[in-house]
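S.K.: Sequence:
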Amino acid sequence: MNSVLHAEEDPIPLSALQHAVYCLRQAALIHIEKLWAENHFTAEGDVLHAVADKGGTRKTRGARRVLSLPLASRRLNLTGVADLVEFYPTPQGEVSYPVEYKRGKPKLHRADEVQLCAQALCLEEMTGIAVPEGALFYAQTKRRVVVPFDDTLRALTEHVAAELSAVFDARKTPAPTTHKSRCRACSLIELCRPETFARPVRKWRDRMLDLVLGTE
Numbered sequence: 001m002n003s004v005l006h007a008e009e010d011p012i013p014l015s016a017l018q019h020a021v022y023c024l025r026q027a028a029l030i031h032i033e034k035l036w037a038e039n040h041f042t043a044e045g046d047v048l049h050a051v052a053d054k055g056g057t058r059k060t061r062g063a064r065r066v067l068s069l070p071l072a073s074r075r076l077n078l079t080g081v082a083d084l085v086e087f088y089p090t091p092q093g094e095v096s097y098p099v100e101y102k103r104g105k106p107k108l109h110r111a112d113e114v115q116l117c118a119q120a121l122c123l124e125e126m127t128g129i130a131v132p133e134g135a136l137f138y139a140q141t142k143r144r145v146v147v148p149f150d151d152t153l154r155a156l157t158e159h160v161a162a163e164l165s166a167v168f169d170a171r172k173t174p175a176p177t178t179h180k181s182r183c184r185a186c187s188l189i190e191l192c193r194p195e196t197f198a199r200p201v202r203k204w205r206d207r208m209l210d211l212v213l214g215t216e
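Counting from 1, one number per residue, gives the positions in the sequence shown under the UniProt record's numbering.
Everything labelled a hint here was simulated from the structure, so no lab data went into it. Computed from a predicted model, the values in this text were never measured in an experiment. It is possible that part of the hints are untrue.
[As the list claims (entries may be wrong)] Label-pair ranges, simulated between beta-carbon atoms:
(1) Pro89 with Pro174: 24 to 34 Å
(2) Ala139 with Pro91: 32 to 42 Å
(3) Tyr88 with Arg171: 27 to 37 Å
(4) Ala175 with Tyr88: 39 to 49 Å
(5) Glu163 with Ala72: 12 to 22 Å
For each residue, glycine too, the CB sits at the ideal point set by N, CA and C.
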């Protein structure tokens, strides 16, 4: 996995992991090329996070503490702010429970889970105490989805962090790969133009097939 962070390296935002799972090119366009475009999905997300971040520090349900908390991992070169982290007292010390707020409803891909797991990895490094699970709160369903941080999710999260770190080190945006449903929902589709980039590739591929099959 990634080596320990060196002083000259720029840390990777935690939110970039969510973008990278959805589309590695999207992550590079946003976090390397600094491109952004709003659509109704991103606007709803901004409002939701503004509400989540507004609360600051507060005590609820007895001894439980709830905070909006800056996070970092030197090992994975990650940094960011958790929407909420709940702390529960145990004989071994306070156990952290990260909660991430999302618009919409649970997704088929694991982008939200990876972002939340990355927060848990940061918390474990910062506190030295294991974080076994967290939760995603979806505005559309108004329910929490509990996310266990099992070995599979942890491995996926570290893989995405390493993959994104390589892109950041190269400072090169990956070529587009068309995924119709994700591209349609992406606020960057007009800036990315995946079909424009993909057309010459398809034309070259078809020509190579014609040559190989002897149809040209």
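S.K.: Hint by hint, say whether it matches the structure.
M.R.: We went through each hint and held it up to the structure:
1. Pro89 with Pro174: 24 to 34 Å: 45 Å, violated
2. Ala139 with Pro91: 32 to 42 Å: 36 Å, holds
3. Tyr88 with Arg171: 27 to 37 Å: 41 Å, violated
4. Ala175 with Tyr88: 39 to 49 Å: For Tyr88 against Ala175, whose Cβ atoms are near 45 Å apart, the range 39 to 49 Å holds.
5. Glu163 with Ala72: 12 to 22 Å: With Cβ atoms ~20 Å apart, the hint holds.
The structure fails to meet hints 1 and 3 from the earlier list, while all remaining hints are met.
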